[in-house]
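> Fit chains U and P to the known structure of chain C by using the hints.
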Amino acid sequence: MGEFHTGNPVFVTYVVAAALTVLKVMGQGWMTVYRMMRAGGGYAAPEDLRPGLINRAPDPSQLAVNDYVERSRRMHRNDLENIPAFWAAGLLFVAVSPPLWLAQGLMYGFVAARAAHAVAYATAQSHEVRATFYTIGSLIVVAMAVYALVAVF
Amino acid sequence: MGEFHTGNPVFVTYVVAAALTVLKVMGQGWMTVYRMMRAGGGYAAPEDLRPGLINRAPDPSQLAVNDYVERSRRMHRNDLENIPAFWAAGLLFVAVSPPLWLAQGLMYGFVAARAAHAVAYATAQSHEVRATFYTIGSLIVVAMAVYALVAVF
Amino acid sequence: MGEFHTGNPVFVTYVVAAALTVLKVMGQGWMTVYRMMRAGGGYAAPEDLRPGLINRAPDPSQLAVNDYVERSRRMHRNDLENIPAFWAAGLLFVAVSPPLWLAQGLMYGFVAARAAHAVAYATAQSHEVRATFYTIGSLIVVAMAVYALVAVF
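Protein chains in written order, with this note's numbering: chain C, 1 to 153; chain U, 1001 to 1153; chain P, 2001 to 2153.
Looking at chain C on its own, in the form it has when it is part of the complex (with noise of 0.2 Å):
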């Protein structure tokens, strides 16, 4: 019988862990938006330049670099390179049965990591902050994936 079902609470745990992250990707595109519409620039294809309801009073240094809205995306792509992974990782790793204890304390503990994270990148703190974050993140995911491979062999 397999473990994907809610009546599993390590694959619940999952489903908790994989539900925030989803909204913390989907919420940082929402961020984007924000940012977009709050500079009035920072804007990705030629035709935003075109006045409408969103860009009132076009201007071609709204195709700029704008750093408030370039922060975003690199806080969104750092979310890609890292949270699909995890939602993979965490689907094997229920597969193969761990202890709850530890696939909370794995999922849990993405979770807050990638929280610090994005408020870490958000307000700018050092490369030093920002770093430890993303390498627990990181070593979680690694560590979910090893335990699945390990486990099948």
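Errors might be hidden in some of the hints.
Partner residues are not named here, just some residues of chain U that face chain C (Cβ under 10 Å, in silico) [what the hints assert, rightly or not]:
{"id": "1", "residue": "G1002"}
{"id": "2", "residue": "H1005"}
{"id": "3", "residue": "R1056"}
{"id": "4", "residue": "D1059"}
{"id": "5", "residue": "S1061"}
{"id": "6", "residue": "R1071"}
{"id": "7", "residue": "L1080"}
{"id": "8", "residue": "V1096"}
{"id": "9", "residue": "P1099"}
{"id": "10", "residue": "S1126"}
{"id": "11", "residue": "E1128"}
{"id": "12", "residue": "R1130"}
{"id": "13", "residue": "V1142"}
{"id": "14", "residue": "L1149"}
These are calculated hints, taken from the structure and not from any lab test. Note that the structure is predicted; figures quoted are calculated from it, not measured. The C-beta atom is built at its ideal place from N, Cα and C for all residues, glycine as well.
Okay, now just chains U and P, sitting in the frame of chain C:
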């Protein structure tokens, strides 16, 4: 018993929607390849200037940003910011046994919204048009993640 | 009954291939970190110019694009355009019970193609070499998605 089997119509809905969006993402890579070949430029790496089957008449300008090619890369990036989260959220959503009509509405709605977004982006429609389809797709992913979270609490 | 359990050799094939590619994606992040440290440049954010353990002698040129570092970021981006789609398509493929030999051929073929792509990219082989391995990986993902679609219709 789990929900992830082809005897469950909600899971079959997920298989169809996820497979179509996998094809969308992979196809976007091929659109970039096609545009690079047709434009003879917009290449990504310095070594792409070596003469060969792909590039018979190399020229340093081929490494410059080419908007025809770059548009496909921006579409790809937008896909990567939305579609993997759909794969994850959709799976969590299936796990908590939603009604079939809701699963079909949200999942096929997501496929339609992303297809419309791609057409709007490829044909350089106004920002408002692209933003509308982006918003629909994004809210569907958020809704599935929130539904799964609420269901396990 | 579902197919997603470790008693199913096709699912075990997926666990192995998905775990290896998770490690590839996470490892690519560490290759970027290693190259940033070794080059002392190619940093992503303005705050990375603050003096600290990572950066003992800050200089504005450290924010310029550094091809040694950027190559690793391009490899990472190429991974993100292919590997998460593999995780999704592979899961759909397992769900429709393909023969074991086909699952092993496609999934281990994908892992081998992406490993070869990474070596070709890291060592700056000609575009044709990189494109060949990209194509193999991409067609495998497409094949798995189409197989799953056809199977549920």
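> Hint by hint, say whether it matches the structure.
Checked hints:
no., hint, in the structure
1, G1002, "holds, 4 Å"
2, H1005, "holds, 9 Å"
3, R1056, "violated, 30 Å"
4, D1059, "violated, 24 Å"
5, S1061, "violated, 20 Å"
6, R1071, "holds, 7 Å"
7, L1080, "holds, 6 Å"
8, V1096, "holds, 6 Å"
9, P1099, "violated, 16 Å"
10, S1126, "holds, 5 Å"
11, E1128, "holds, 5 Å"
12, R1130, "holds, 8 Å"
13, V1142, "holds, 5 Å"
14, L1149, "holds, 4 Å"
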